[in-house]
Amino acid sequence: MIISVASGKGGVGKTTVAVNLALSIDNVQFLDCDVEEPNAHIFLKPEIVNSFPVLMPIPKINEKLCNYCGECARHCQFNALIVLPGAVLVFKELCKGCGLCKLVCPSNAITEEQRELGIIEEGKVDGIEFIHGRLNISEPFASPIIKVMKERINRNKNVILDVPPGASCPVITAVYGSDYCIMVTEPTPFGLHDLKIMHAIVEELGIEHGVIINRYGIGNKDVEEFCKSKGIPILMKIPMDRKIAELYSKGIPFTKALPEWKDKFREVFDAISGT
Amino acid sequence: MQLVVLSGKGGTGKTSVVASFSVLMEDKILADCDVDAPNLHLILKPEVQYKEEFKGSKKAVIITEKCISCGKCKEYCRFGAIFFENNKYQVDEVLCEGCGVCAYICPADAINLEESISGYLFVSNTRYGKLAHAKLNVGEENSGKLVEKVRRKAKELGENIIIDGPPGIGCPVIASLSGVDKVLIVTEPTFSGLHDLKRVLKLAQHFKLETFVCINKYDINPEVAKEIEEYCKAMKIKVIGKIPYDEKVTEAMVNGKAIVEYDGEAKASKEIRKIFSSLTF
Chain A
1 MIISVASGKG GVGKTTVAVN LALSIDNVQF LDCDVEEPNA HIFLKPEIVN
51 SFPVLMPIPK INEKLCNYCG ECARHCQFNA LIVLPGAVLV FKELCKGCGL
101 CKLVCPSNAI TEEQRELGII EEGKVDGIEF IHGRLNISEP FASPIIKVMK
151 ERINRNKNVI LDVPPGASCP VITAVYGSDY CIMVTEPTPF GLHDLKIMHA
201 IVEELGIEHG VIINRYGIGN KDVEEFCKSK GIPILMKIPM DRKIAELYSK
251 GIPFTKALPE WKDKFREVFD AISGT
Chain B
276 MQLVVLSGKG GTGKTSVVAS FSVLMEDKIL ADCDVDAPNL HLILKPEVQY
326 KEEFKGSKKA VIITEKCISC GKCKEYCRFG AIFFENNKYQ VDEVLCEGCG
376 VCAYICPADA INLEESISGY LFVSNTRYGK LAHAKLNVGE ENSGKLVEKV
426 RRKAKELGEN IIIDGPPGIG CPVIASLSGV DKVLIVTEPT FSGLHDLKRV
476 LKLAQHFKLE TFVCINKYDI NPEVAKEIEE YCKAMKIKVI GKIPYDEKVT
526 EAMVNGKAIV EYDGEAKASK EIRKIFSSLT F
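Those sequence lines, one after another, are chains A and B.
Counting along the first sequence from 1, when you hit position 75 you're at 75 in this note's numbering, and nothing is skipped either side.
Take any residue in the second sequence, count from 1 to its spot, add 275: that is its number in this note's numbering.
In isolation and in its complexed conformation, chain B is listed as follows (with noise of 0.2 Å):
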């Protein structure tokens, strides 16, 4: 069973909810997708068992002492990636796709694709169980190459995972949730709570994958609250919670600690386990 927790939008409240899911679940892998930005390992605070380098990205390097300045290499670049200045072709490592065009278009046989380290992952033990990571290197590409790596490497370690996904709905989201079991959606009662709904449930559907969505903070406009139940009853989408505001989330937060393990009475709390049961693993 592969449950992932996406939002569409950001800063919902996915890795709140999958902290606590972390702690209330039993047997389980983690696997943290969002590998950009990852936040869990701040509160599962993961002792690392297994590290491995991640190549994903290479990059055009220009020979400049074999480079005859015949500017075939700009030429065909698709990427405007090759630029000419201080007298000599450089590449903008920025802009570099690593597409190989301009290596192999050289006549002077002097461009290399060169394959650099864009990130590591790893396997960590957590109070909580096993924990697949990953870091990506600043500024570096191909993040749904290395979640296919997390996941991979989750599913090497057991059978029943719970992933955090990153926001958006792009590439390494879509190898977030493909062939996963189960999504939620954690949402929040904004428009663009909403909005950003709409388009992740259409995603979700477009791979027709079991999907459930609880919404975040629901108190803060019970309207707009309404109105995402009233989308997802016509979509045929459950609505299976709706976690109330709670001060003691961002408390539990500060502390390094999943709400259900800070304060397991809180009003939040509750409702967590009552989403997390009717997921019914």
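Here chain A stands alone, though its shape is the one from the complex (with noise of 0.2 Å):
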């Protein structure tokens, strides 16, 4: 089955759970979908076995063919063509590489060429198969990074994908089609607010999900009283305890120094996956 650990807010302990998960149930396959700022290797420290690049094909015009008519300006729904009297201007950031400029083109003046937007690396660490994926600084798009990472998804393994923060493209790009959404958060406004929105989308998205509430005990009640109200299980309640915030800070996984933990989690994936 393939579960997605997402949270709205950043920072609320998705890698923690994500991580301490896959370090506690067996034929585990690990996606760190959080291209822009991928953490899990900090924890899990895989040795990579594999690299390659992701490639965007982008428009390369033939000056000699082109007559500036400007019909690939026009089509191109991203704005990433712009055509002047003798030249034409491709702002490679916005292109989205979906070809529509080279169909339309009348004087087939326009070709293909690939850009690289990050790397994908592939390892393994105590039986875990590892993946993630690094979008290169300063380009925009973390979307298909995670859409080439998820082409290599076994089924046939318990799939933990880490989702990125937030809620638009990449995180939808992330969760869409998992069989269940771990949720983390915690319980202060800041997290109830995004964890509201995280629901929003698991909900419009048919996942099904539950909660983990990280840090508990500081903040208040609220979010326990949403899950409630929702009818939204909480699966696991992590206490605010310096123990486990100093072990995050070195990069130790929880679970290896307390690993009564271990039991925990494999509970929460016990009652996830039916069995």
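If you're looking for bench data, these hints aren't it; they were derived computationally from the structure.
These numbers come from a predicted model, not from an experiment.
We treat Cβ as the ideally placed atom computed from N, Cα and C, and that holds for glycine.
Treat the hints with care, as some may be off.
DSBU-like mimics (lysine-lysine), calculated; alpha carbons at most 30 Å apart, straight line [claimed, not checked]: (1) B/517 <-> B/405; (2) A/147 <-> A/102; (3) A/250 <-> B/513; (4) B/349 <-> A/102; (5) A/102 <-> B/334; (6) B/405 <-> A/92; (7) A/92 <-> B/363; (8) A/45 <-> B/424; (9) B/363 <-> A/102; (10) A/228 <-> B/523.
Distance ranges between label pairs, derived from CB positions [as the list claims (entries may be wrong)]: (11) B/379 <-> A/84: 19 to 25 Å; (12) B/481 <-> A/206: 36 to 42 Å; (13) B/412 <-> A/50: 52 to 58 Å; (14) B/506 <-> A/47: 39 to 45 Å; (15) A/52 <-> B/501: 32 to 38 Å; (16) A/241 <-> B/505: 25 to 31 Å; (17) A/53 <-> B/505: 27 to 33 Å.
Dock chain to chain to rebuild the complex, using the hints, since each chain is given by itself in its own frame.
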């Protein structure tokens, strides 16, 4: 089954939950989909065995054939082309690689070249198959990298997806198609607000879901009341604990130092996988 | 003067810092550019004065009655957004990028690109001045474009702007920092915080922006805090403050207040005031 771990708000413990869950169950494939700021490798320390670039086709103008008619720019939905008398400007960061400009060009003056958006690395650690992506600095679009990563999902595994923060394209791309979404939150007004956003997304996408409350004990009880009112199961509460925070700060998964938590994560997995 | 507060990693305290700056600074406009998951309004409790629809994305719509089931749309779509099910071609709205290839290639003129309302832009009054903010609808894309709109609106309202930025380094972050005068990065003393700080610093450098760093909850791990300081020193970036872990910060948030307004004598408040003054507006 595919389990996504998401939160809306950043820094509430997505990676902590995803990594510790991965270390507590068997037959895991782990995908860190936060390609803007991937962190799971800091905790899992996989040995990277394979690496490849993610490419996107962008238009290349043959100035000899181009008659500067402007059809390409008129059709482009992303404003990635501007045609001036005697020159065509391609704004490669805006291009989504759809290929429409090439199709509409009446002079066959457009071919395509590949542009690197980022890289994907694959590795192994403790029997876990590990995949993560890295968006190149100053590249705007994370989703194409996430899509390529997700093509490598092995359905025979227990797949864990560490989802980026937020609620827009990369988040949707990451959680889309998962069988279950664990929403991690903290019991504060910010945590609750962003949990509601994430909840609306999984409802809209029709993904089964539950909540893990991290730093339990700070803030107030509003998150619990929200979950109760919406009938969302609370799968686990991880207490606000200086020891857990310190382990996190050093990049140590807390189940390694506090192994009794492995059973709790296994129980969460059993509950959501129905075994 | 435009200042953007970023972090790379989420949840390091951007919004708590911006909320405090909004108390400390006079004559400014606030802009919440975390349009995916905005939080600043939870502290500032805005009264909306102006609301505008945001149309950020288009989606392909197949008119089934006109469709001749030739399958060209599916063949040409590079995003895998067209599928054949229940004996008809359909669009997967999540995967559709709204590029228009299918509409162009369709020989039966059976596909339209339709614009949808992807969110709203607001201008509000708050107890600490005007706030430009936005709300992206559930699952919508193009948050970068909406960020640009928020910033344009803020600029119409005034010269001095404090921007609460989104996490990450992708399109909404790039839209939040392009053309600002100063960048403040709020980080935390964890391996993840440092890793993400490095990436967001490189982004700020790419755009040649004057950048400052402050370390939030620095005493959670003083060793990593020191590592961050050394890294910044090597990169010639000033660390202008180290905010101690202070339970009062969460207390203030629960009470809907910025920490400097909730308890001006709290240790976190003192350090935030210091950070604010060294940014010298």
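Checked hints:
| no. | hint | result |
| --- | --- | --- |
| 1 | B/517 <-> B/405 | holds (29 Å) |
| 2 | A/147 <-> A/102 | holds (23 Å) |
| 3 | A/250 <-> B/513 | holds (24 Å) |
| 4 | B/349 <-> A/102 | holds (17 Å) |
| 5 | A/102 <-> B/334 | holds (20 Å) |
| 6 | B/405 <-> A/92 | violated (36 Å) |
| 7 | A/92 <-> B/363 | violated (35 Å) |
| 8 | A/45 <-> B/424 | violated (41 Å) |
| 9 | B/363 <-> A/102 | holds (28 Å) |
| 10 | A/228 <-> B/523 | holds (27 Å) |
| 11 | B/379 <-> A/84: 19 to 25 Å | holds (24 Å) |
| 12 | B/481 <-> A/206: 36 to 42 Å | holds (39 Å) |
| 13 | B/412 <-> A/50: 52 to 58 Å | violated (38 Å) |
| 14 | B/506 <-> A/47: 39 to 45 Å | violated (25 Å) |
| 15 | A/52 <-> B/501: 32 to 38 Å | holds (37 Å) |
| 16 | A/241 <-> B/505: 25 to 31 Å | holds (28 Å) |
| 17 | A/53 <-> B/505: 27 to 33 Å | holds (32 Å) |
Violation of the numbered hints given earlier is confined to hints 6, 7, 8, 13 and 14; the remaining hints are satisfied by the structure.
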